[in-house]
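Protein sequence lines correspond, in order, to chains D and G.
Numbered according to this note's numbering, the first sequence spans residues 1 to 485.
Numbered according to this note's numbering, the second sequence spans residues 1 to 154.
Don't read these hints as lab results, they were simulated from the structure.
It should be emphasised that the depicted structure is a prediction, and the values quoted were computed from it without experimental measurement.
Note that CB positions come from ideal geometry on N, CA and C, so glycine has one too.
A couple of the hints might just be wrong.
Partial list, derived from the structure: chain D residues whose beta carbon lies under 10 Å from chain G [claimed, not checked]: (1) Glu265; (2) Leu267; (3) Gly381; (4) Asp385; (5) Gly387; (6) Val392; (7) Glu396; (8) Lys429.
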Amino acid sequence: MRRKKPQSFNSTPIKERLIIPRQEMPEQDPLQRSTNFLEVNLGLTPEQAVIEAQRCIECASPTCMDGCPVSIKIPDFIQLICKEDFIGAADKIKEDNSLPAVCGRVCPQETQCEQVCVVGKRFEPVAIGRLERFVADYAMTHGNGSAKSTDKPKPSGQKVAVVGSGPAGLAVASDLIKEGHEITVFEALHEFGGVLVYGIPEFRLPKAILSEEVANLEAKGVKFVKNFIVGRTMTIQELMLDEGYDAVFLGLGAGLPRFMNIPGENLNGVYSANEFLTRSNLMRAYEFPEWDTPLYRAKHAIIVGGGNTAMDAVRTAKRLGADEASIVYRRSEEEMPARNEEIHHAKEEGVEFMNLVNPIEFIGDEQGNVISAKCLRMELGEPDDSGRRRPVPMPESEFTMDVDMVVIAVGNGSNPLISQTTPEIETNKWGNIVADDDGRTSMDGVFAGGDIVSGGATVILAMGAGRKSAAAMNEYLKTKVGSQA
Amino acid sequence: MSLKEQIKTMNMDEIMEMCIDQEQQAIDLYTMARDQAKDDGARQKFQELIDMETVHKVSLRKFELESYLELPPADLKVTDYLVEPILSDKLTTQEILIIAAKREGKTALMYQDLADHFASDKNLNTFFQMMADEELRHKHDLETEYENEFLQEG
């Protein structure tokens, strides 16, 4: 069915819209921000947001929505910004995305909605992500509009357990509470948000934003339980049989850090990115001494990897006071999976990039503290399946450099707790839960989505998987009622 | 005594027996690991390796070359510098891949030594060169899988 075009509130002729420059988002000065944990990007002003929205040419067949994993009605919310109805724009986004302030900050829009924006074919694409962030923030600071509505649907009498309060779990909770089900979100840690809170630093995603999003869900009736490890505190079977949950969603994420398996990885001063970032973000080492979490201030910290996690870690190390903080990456910058914006910000903040370098051993002193890294220089060979050129070691290229902190950011795997305690749930050889496109697992009534199924991916992909599962769970619950009637 | 020197003292039957024994050792090792593995994924991975080594053994018995005519890909050396995990029933898929890739690399060296030893015998030289290439190809496949899954750098 053809989608109805939204009402236009933009009187600027198309040709004139195309010459409006893309609005730059104000940000903290690099020198200043590299010593604090305040948010780097400061957000568009209302005037800038309206100008940016006016760049949208209202395509007859907009492609931007196809690029969004949760199919936000992008043309509609942009027109509401043109009308200066910012609360209305936020509500429009929330029809499809329960975490717009989060996604507006951490989504890789340049490879999603903005990549397929028609304006972007000849000019810079409409800054959809910046607009999403602007209206979400505006709604938050202006009472959140109708998102604060406490109108509750008729109770269905059915209970759903959501395991994990990361993006997939929050998306499921948000969709299913609207259907009248009783939703409880179980979180293993002492704060809600999953990777959004333990993985992403304050300077990229302030915790207050996430707390507000969680509070919104609580206001709608979602119950949140912290310090509850499903698989230890209670198993899935116990939740369903003893506690009466009719369905369970597993959104546990990929929280098991991977190491390189090279000699010296067990030395003091060698961290996984998970541990390093969790200590800083969740355990608030960045607020030392107000928060009493120790985290070493390095003379030379190297972060091994080239993804967003590596960028978060290296920028955190720099802010924590490292004299030098370097990225050590096996490939060249062109192959880096991190967002361009994060690489750009890291460079501005003084991070050194050692590309085409791979550590092969960490060396320690007599006390077991890391003091140097033995590395090889690499060169790029043939492209791999992802199209990235594969790095191969250069002969006789070994060298050693002094380091006193190493953070390994080469990826994460699935926590094996659920597969160990619930053998009924099929997992693949990598330990990820096997689920169909709608999130159904091999156990009746149990659904799964996000990184625990796909392996490490983006926030919005996890939310997309959560939304699909939520729809399938709702159908499952209706059928269950029907069969019991 | 190095393998190269050992080969000089062996007749053809002993050499073939050594090669088949090498493949059988790998099959036994992976079968034991599969049966002991507590994780579904690890069991699947070990079964794949058993199937692969069984094909090698059959090739040696039949002295067949037909299936091995592709040139070997570049040696990625992804696992060359990694610590070899100790075999146990709690191995992860990552550790299994390291063990297997290192083993394929060592077996490739054995076949390369044999190919060099039979440099003047075209048939034998070609056969062992092909076997060496086949082992290198498997090392490449295992290291590619390792790289794709465990070096995402995300």
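Against the structure, the hints:
1. Glu265: Since chain G brings a Cβ to about 8 Å from glutamate 265 of chain D, closer than 10 Å, the hint holds.
2. Leu267: violated (13 Å)
3. Gly381: holds (6 Å)
4. Asp385: Holds, about 7 Å.
5. Gly387: With Cβ-Cβ at 12 Å, over 10 Å, it is violated.
6. Val392: Interface hint status for valine 392 of chain D: holds (6 Å vs cutoff 10 Å).
7. Glu396: At 13 Å from the nearest chain G Cβ, glutamate 396 of chain D fails the 10 Å test, so the hint is violated.
8. Lys429: Check passed: Cβ of lysine 429 of chain D comes within 3 Å of chain G, closer than 10 Å.
In summary, the numbered hints that this structure violates are 2, 5 and 7.
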